[in-house]
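*Asks:* Please arrange chain Z on chain D, whose structure you already have, making use of the hints.
Chains as they are written, first to last, in the numbering used here: chain D, 1 to 526; chain Z, 1 to 526.
Think of the hints as simulated: they come from the structure by calculation, not from any bench.
Among the clues, some could well be false.
To be verified - Below, simulated PhoX-like cross-link-like pairs (lysine-lysine); rule was C-alpha separation at most 25 Å, straight line:
(1) K205(D) <-> K280(D)
(2) K509(D) <-> K523(Z)
(3) K509(D) <-> K523(D)
(4) K523(Z) <-> K509(Z)
(5) K523(Z) <-> K523(D)
(6) K6(Z) <-> K205(Z)
(7) K523(D) <-> K509(Z)
(8) K41(D) <-> K6(D)
(9) K328(Z) <-> K285(Z)
Since the model is a prediction, treat every value here as computed from it, not as a measurement.
2 protein chains.
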Amino acid sequence: MALEGKLLIGQRAVSGNANPINAINPATGETLEPAYVGGGKEEVAQACELAWSAFDTYRETSPEERAVFLETIASEIEAIGDDLIERAMAESGLPRPRMEGERGRTCGQLRLFASVVRAGEWLDVRVDPALPDREPMPRLDLRQRHVALGPVAVFGPSNFPLAFSVAGGDTASSLAAGCPVVVKAHSAHPGTSELVGRALQKAVKACGLPEGVFSLLFGSGREVGAALVADPRIKAVGFTGSRSGGTALMTIAQNRAEPIPVYAEMSSINPVFLLPEALKARGDKIAEGFVGSLTMGAGQFCTNPGLVIAHEGTSLDAFLDAAGEAVKESPAQTMLTPGTHEAYQEGVAYYAGHDGVREVARGQAGSGTNQCQAGLFVTTAADFLGDETLQRQEVFGACSLVVACASNDELQRVAERLEGQLTATLQMDDADLDMARSLLPTLERKAGRILANGWPTGVEVCHSMVHGGPYPATSDSRTTSVGSAAIFRFLRPVCYQALPEGLLPEALKDGNPLGVSRLVDGKREA
Amino acid sequence: MALEGKLLIGQRAVSGNANPINAINPATGETLEPAYVGGGKEEVAQACELAWSAFDTYRETSPEERAVFLETIASEIEAIGDDLIERAMAESGLPRPRMEGERGRTCGQLRLFASVVRAGEWLDVRVDPALPDREPMPRLDLRQRHVALGPVAVFGPSNFPLAFSVAGGDTASSLAAGCPVVVKAHSAHPGTSELVGRALQKAVKACGLPEGVFSLLFGSGREVGAALVADPRIKAVGFTGSRSGGTALMTIAQNRAEPIPVYAEMSSINPVFLLPEALKARGDKIAEGFVGSLTMGAGQFCTNPGLVIAHEGTSLDAFLDAAGEAVKESPAQTMLTPGTHEAYQEGVAYYAGHDGVREVARGQAGSGTNQCQAGLFVTTAADFLGDETLQRQEVFGACSLVVACASNDELQRVAERLEGQLTATLQMDDADLDMARSLLPTLERKAGRILANGWPTGVEVCHSMVHGGPYPATSDSRTTSVGSAAIFRFLRPVCYQALPEGLLPEALKDGNPLGVSRLVDGKREA
Chain D
1 MALEGKLLIG QRAVSGNANP INAINPATGE TLEPAYVGGG KEEVAQACEL AWSAFDTYRE
61 TSPEERAVFL ETIASEIEAI GDDLIERAMA ESGLPRPRME GERGRTCGQL RLFASVVRAG
121 EWLDVRVDPA LPDREPMPRL DLRQRHVALG PVAVFGPSNF PLAFSVAGGD TASSLAAGCP
181 VVVKAHSAHP GTSELVGRAL QKAVKACGLP EGVFSLLFGS GREVGAALVA DPRIKAVGFT
241 GSRSGGTALM TIAQNRAEPI PVYAEMSSIN PVFLLPEALK ARGDKIAEGF VGSLTMGAGQ
301 FCTNPGLVIA HEGTSLDAFL DAAGEAVKES PAQTMLTPGT HEAYQEGVAY YAGHDGVREV
361 ARGQAGSGTN QCQAGLFVTT AADFLGDETL QRQEVFGACS LVVACASNDE LQRVAERLEG
421 QLTATLQMDD ADLDMARSLL PTLERKAGRI LANGWPTGVE VCHSMVHGGP YPATSDSRTT
481 SVGSAAIFRF LRPVCYQALP EGLLPEALKD GNPLGVSRLV DGKREA
Chain Z
1 MALEGKLLIG QRAVSGNANP INAINPATGE TLEPAYVGGG KEEVAQACEL AWSAFDTYRE
61 TSPEERAVFL ETIASEIEAI GDDLIERAMA ESGLPRPRME GERGRTCGQL RLFASVVRAG
121 EWLDVRVDPA LPDREPMPRL DLRQRHVALG PVAVFGPSNF PLAFSVAGGD TASSLAAGCP
181 VVVKAHSAHP GTSELVGRAL QKAVKACGLP EGVFSLLFGS GREVGAALVA DPRIKAVGFT
241 GSRSGGTALM TIAQNRAEPI PVYAEMSSIN PVFLLPEALK ARGDKIAEGF VGSLTMGAGQ
301 FCTNPGLVIA HEGTSLDAFL DAAGEAVKES PAQTMLTPGT HEAYQEGVAY YAGHDGVREV
361 ARGQAGSGTN QCQAGLFVTT AADFLGDETL QRQEVFGACS LVVACASNDE LQRVAERLEG
421 QLTATLQMDD ADLDMARSLL PTLERKAGRI LANGWPTGVE VCHSMVHGGP YPATSDSRTT
481 SVGSAAIFRF LRPVCYQALP EGLLPEALKD GNPLGVSRLV DGKREA
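Chain D on its own, in the form it takes in the complex:
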């Protein structure tokens, strides 16, 4: 399929008027065609108007219609074939198996949400039947369901050109909830975005839905992104990216005449606690697993293990030796964009130049453009606790800081000082159980996901997943951006009191025609 470099507004492909953006192949430095001429306020308004006019129709499509739509999007993405993989590889520098895996994840996610829409848990149907004889006052018939919030603005990051981008988790969960979506494409992968956007356009048409259900905008974050979040027809925002980007959108959203929720997944250093008995018994194996997780995908994951916390001593020294060896052997990898590479270099230089931090090892240096050298550093808990910037340093890439603690008490204090995180990991043996128990309350307050004897990279798309966590990991700790519960971000409850049967939504009618789980008088009916 020939790329056109145009904005997709409903079923149209439209030329912008602002500055053109070209993708750059980070592995070669080569500029990729075509140029994507950015849109402006005009195009934002058009996309939002279409989304708004589609909203009432789309949100009342049946679960089956919406599920088929999500499945059709997945099929249309698969139908693009190898063009998608090759363009995504060229725009991201990521290898083929990773891009093929990510395509599988993206389509699997869309199909999971199709099953979620059909199952109907998201409706949260509640029925409190009338009690006409209750004293002193009768109770009227009361029923509740969830409805869609409204059109959603989606902003993806550079590091998942498919799974967190145009048809990624935010889009899939918004569409599943009944919300039209306007995506602001990431400037790092415009061609991948266009290919997936056209697949979405086709699915909208094939399913006979109003065209405003999906639009794709290109342009500057400061102009197009800000105008999109400020538009009164947008009712929620999904964002994955940097802390500064996320907080900028939060400010715009809060200053609207009608403030709206922003679901921003921003920054996390994902502490890993090496508990003493596990470290003693199998420090080598832990070091191997750690460096595998650290260097996977050039460390460009929001769940990358950027902080390791352990007791000082011979076991930790042995771990550092083993991990240092593995880091030294780790090959250079191409990073996603020149900007990402530059920020990584700065972050590593910060550790390298810090008085309280010692370099343990660096990975192999590369010869190509935008290649990163992994980095492993160590500091003491005293230094870590004494310097706020060390606690808040997220180096996006394959770089990690080990914090050596002189006592249990110091280790607890390090844990307590952490900001909100996506994940917290325990490497532990049975003999560490008491210590793990004493850490758990702190970790529960700090993180959205707690792991034992695994690694935080690799986020399963399932019903129990929480890819979220207290601020600044995300803007809203009550939610997840991965897994089926992500749909609840885009819904709100409505109560219907004594409505005639003919006016009740299908989900609430007598006899439960949709066959969904309901809470009747407070009792769960599966």
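*Replies:* What follows is chain Z alone, placed relative to chain D:
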């Protein structure tokens, strides 16, 4: 019980240092003793520190322990006896049956939350069992439960000295979720607040809970209230009151180093649509019901019907005649505070002085202090649509504006122009069903609760209730402040990946020892 005029910080009663506040009996103008000397930043910090130190223990109390605590609070409130009713009547000017009813509602609400805690729906337990043989990658064991957000700051309004105050819905749902509570008492009913606060203190002690689970502060909103919301140990805010008060707290909460959710229930004019066939067939009866709802409790409800929308014509004229007669006969009533009375007078004067608004009727004038005269006014849809201030005018009290529409189209435009509302009401007959259907999508986007052939005053405390709605009715349309779903405001999900059985929380252990409803591999098990 002798009132002491002190702040309750944990189990202590403490004297403040700031300006003293005395309640005023609005019916007599009399100053009520004792004086409540306000606290300052010092007392806020003490209460927050205690709440924080209680948090990890309290949030892990078993459902049974927490349920018994809620039931004990209810019993302790009942044990205060008539002193509570008399003080609440003196501080609010509300009549005895209303205060007795409100006490019943308050204790019933606490007992409802006890049953909710035991039932365990709030845990939202999800289990995705390990799939060790899955290709290409095995799935690890993943489980999810909800945990409490942290200490909650609660601010009540003047109009429900019991049900939305110290032990009201926000406190009950926070405590049910496992969150300690710090209440900032409303200055209109400090004595009622102290009585209920002491009942809570006793319940904390009787149940052997850490004292920081509950504190009660008196003082100025600008100092004590602002310091409370800004305190880093507070993790959420429950507020019921004015739009200016709610948005001020939202701004403080958003500007913290760690922003936190504010659940502010603020302003609503609760539109009532009189559909043509119902209006023709039974305009008199509708007028009677309407004026009953309008004037109940001097109209001092956030669900008071402040806006009536109908087609112009003889049916509406007849309705206005009948409603006007009923308003004229409605006796004067004492309002809650001098400030409420003054704001009401200003609101009515605004309608009376507006060129596009005609007075239909005023109620009887009173002879005592702070007495209000009900008011009914009428305008045209053209005037209403032409003047933003008319659309946004919330007159807190027994005053309502009727909007006469020249066409269906105009009526739809009036509906579409409304801000977010707690409720929207349809007076309709079977022959109005098509028109109701065409209005429903708009009403669903505007309101948290939609009623047919009832009146919005009277909010059932049950599982389906939504006392919420789009901004500015509330700050967060995804939630309710009344009913069992209010508990979800104070919870967040945590995912546990491959944790050893010995480390898993009770709710997630194999065999489901708490016997709660679970979503296993996406399938509901009741």
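*Asks:* Enumerate the violated hints, using their earlier numbering and listing them in ascending order.
*Replies:* 1
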